[in-house]
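Participant: Listed below, chain by chain, are the residues.
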Amino acid sequence: MFELDALIAEQLTEVSLNSAVQVRCGNSNSFMVTASTMLPLIQSFGMGGVYISASRGAVEIIQAFESIGVDVSNIQFLDLVSSGILGGTDVPYPNVHFVDSPIMLESVLLRTLYILRTSTFERNFVLVDSINALSIYNDDRMLAEYLHTFINTFRQREVLSVLLNVPDQTPPLVLANLDLYCTSLIDRGQVVIQ
Amino acid sequence: MMPNSVYTRDRCVTGIHGLDEILRGGIPYGSTVLAAGTCGSGKTTLAMEFLVRGALAGEACAHFTATEPSVKLLENIRQYSFFDMNMVDTGLINVFDVDVLYSWLGLDKATFDLDDVHALIKAIVDIVNTIGVTRLVIDSVTTLCYKIKSEQLIRDFLFTLGKKLATLGCTTVLISEITSATENAHWSSFGVEEAIADGIIVMGDVERMGHLLRFLQVVKMRGTSHSRAKHSIELTQLGVMLTPMLKWGAVSDQTTRWGA
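Here the protein sequences line up with chains A and B, keeping their order. 1 is the number of the first residue of the first sequence in the working numbering; add one for each residue after it. 1001 is the number of the first residue of the second sequence in the working numbering; add one for each residue after it.
Incorrect hints may appear among the rest.
Just some of the chain B residues that point at chain A, by a computed CB distance under 7 Å [as the list claims (entries may be wrong)]:
#1 1076
#2 1102
#3 1209
#4 1211
#5 1212
#6 1227
#7 1228
#8 1234
#9 1235
#10 1236
#11 1245
#12 1246
#13 1249
Simulated DEER-style distance windows between Cβ atoms [stated by the list, open to error]:
#14 1086(B) - 118(A): 50 to 58 Å
#15 100(A) - 1101(B): 36 to 44 Å
#16 176(A) - 1013(B): 37 to 45 Å
I should point out that these hints are in silico values taken from the structure, not numbers from a laboratory. If you're wondering where the values come from, they're calculated on a predicted model, not measured in any experiment. For every residue, glycine included, the Cβ atom is placed at its ideal position computed from N, Cα and C.
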């Protein structure tokens, strides 16, 4: 049976809508941490949201949630991976949107804002999966600058930002900026060996 | 001593997400704005949204199309949820094929002389005056000016047209097709449009690792302070959306270290 981390839900009760939460996880527990974060947002807080998938295609993530009995049909997925694979955008889910590549950071921001403009939910979150995946494609300085813009854009709009991250796979500059801009930390990450 | 109040010009609120913020409230009324951009940069969509937002506010708008037939233009614009065909049916948005206009005026000829240019200006101004147009788009001024061979005549044409439209209180967007939107490029095809326009909005692409990101930059706008930064744009179903372009990613690959 799939076991969720109940302490994450408890920590999330303490954050406000204009918060930016850094969720640190490891390679082995990333889905458990993601699910433990998403579930209370959807089920307990009744929020809508945008799931930005940079690590895997949205279909794979949706099916992973379905396999543990979680309905994510009200969550909009912004898939940054599948456009890079011909045929990858032919998906059976109407809640999946695409951006050509994880390097088109501004397009990701604008598409997310567009999706939120069409949202029927009063309270929304934006979840980035993950910062370390974005760092594969993007220059450190640009990603650090992006985090600044991204977090402030959603804070201003009272949309909760949740930024998943595997710290030992993230460049130090990006990590430092993430620590600086995020207002809360949920740490389920691996020990960072410097 | 500080003045009691600062004079600000009335604005034509474009209604385009982000653009009015960049322009600190909108385009000063009666301005002639050159929207210069490379192919596929979103010029026509931007201009069409400018008209639709005006129509939604009850303004009469006109679009002179020289680059594609009006039927095709309307067909392309129908995908946007902000557009409603009723706006055309009720006369709030008026689309004119320039080729048809040429036929009416007997201007089916290869080149235009001074009289032809004056006839064209008079026709456009008469239409604007008759309908009471407050927002006008000419798409594109490049195509329109191809038939005018003298640079001086192009200058006269644009200057006179801009002046007459401003007198009528019409805010005009002249679309200009350019082949490059880099810092060394001209913002117009003939080199004279940019000098005559009250405002210049440049649209183009930044290439980042083989992907093209659309950008918009307000280079000049008389009568208002404004941002001159590059903004990234997306053409969504809800219309054009803008956000500041990342400073570390605002220049195309070949001139940046990380993309080299």
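Participant: Are any of the numbered hints broken by this structure? If so, which, sorted upward?
Facilitator: 1, 2, 5, 6, 7, 9, 14
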